[in-house]
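K.L.:
Below, each chain spelled out in residue letters.
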Amino acid sequence: MIVDAQKALADLTEISSQIQAAVVFDSKGKVVGSTLAEPSRADALAKSAAELLATAEQIEAARSPLTQVEVATAEGSVFVVRDEQATIAATTGSNATVGLVFYDLKSALRSLKPKPAGRKPATRKTTAAAKKTTPKKAPARKRTPRKKPDAP
Amino acid sequence: MRRSVAAILGIVGGLLAGAAFIRRRAVKRERADLYFADGSMLSLTNGSPGADRLLPKAREILRQVQAP
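Order-wise, the sequence lines are chains A and B.
Here the first sequence stands for residues 0 to 151, where the numbers follow my numbering.
Here the second sequence stands for residues 963 to 1030, where the numbers follow my numbering.
It should be emphasised that the hints constitute simulated quantities derived from the structure, not laboratory data.
Be aware that one or more of the hints could be misleading.
[Claimed, not checked] Computed list of lysine to aspartate or glutamate pairs in EDC-like fashion (alpha-carbon distance at most 20 Å, straight line):
(1) K46/A / E56/A
(2) K1019/B / E74/A
(3) K105/A / D10/A
(4) K27/A / E56/A
(5) K46/A / D25/A
(6) K29/A / D42/A
(7) K105/A / D1000/B
(8) K1019/B / E13/A
(9) K1019/B / D10/A
(10) K1019/B / E59/A
(11) K105/A / E37/A
(12) K46/A / D10/A
(13) K29/A / E83/A
(14) K27/A / D82/A
(15) K1019/B / E83/A
(16) K29/A / D3/A
(17) K6/A / D25/A
(18) K105/A / D3/A
(19) K27/A / E83/A
(20) K6/A / E74/A
(21) K46/A / D1000/B
All chains, full assembly: derive it from the sequences and hints.
P.N.:
Structure (structure tokens):
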């Protein structure tokens, strides 16, 4: 998932020029991907974003679960989007296109989800007895001379 | 003489009014939008009790990120 998160963030920053920094972290707060070079700064950003989300939840605790937060200040905006598995937090400059940033963040979060486990191809059970046996040779075909249809 | 003084006062007054307008707009734009799973949204503008808790945290995050 770490590699996936880094790739998702690389794609995100490539697509959205508005995003300055972004971090992905799991439900325990562990950073799984970040655009920041220093891990300590990524950890700090994840921790602050989790605190922001917790504070926002406290404000309207009675409502249904909080999924997205955008806090716009004069210096810039902070976006946080979360789903069942992970949370993504990003910062932008002021006057960011809110809908577009949320869309890009949700797309990045969706790309982290593990693909649904499909049916595995059936594999043959190999037993010790089966391993020991040598494959049977196909019976040798008798060579019969071909008759030409117009032969007498 | 009086004209020039009046003109200078007018320019200074205009600059102050413009600066105040820009500052007010910038402050007014500060807000926190909360989106819930059921599709509802709550917008907290600057000055409301909820926004007063969220805006300082957001400023702190931005400071962390923008720090060299």
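K.L.:
Find the hints from earlier in the document that the structure breaks and name them by number, from lowest to highest.
P.N.:
Hint check: 8, 9, 11, 12, 15, 20, 21 fail, others pass.
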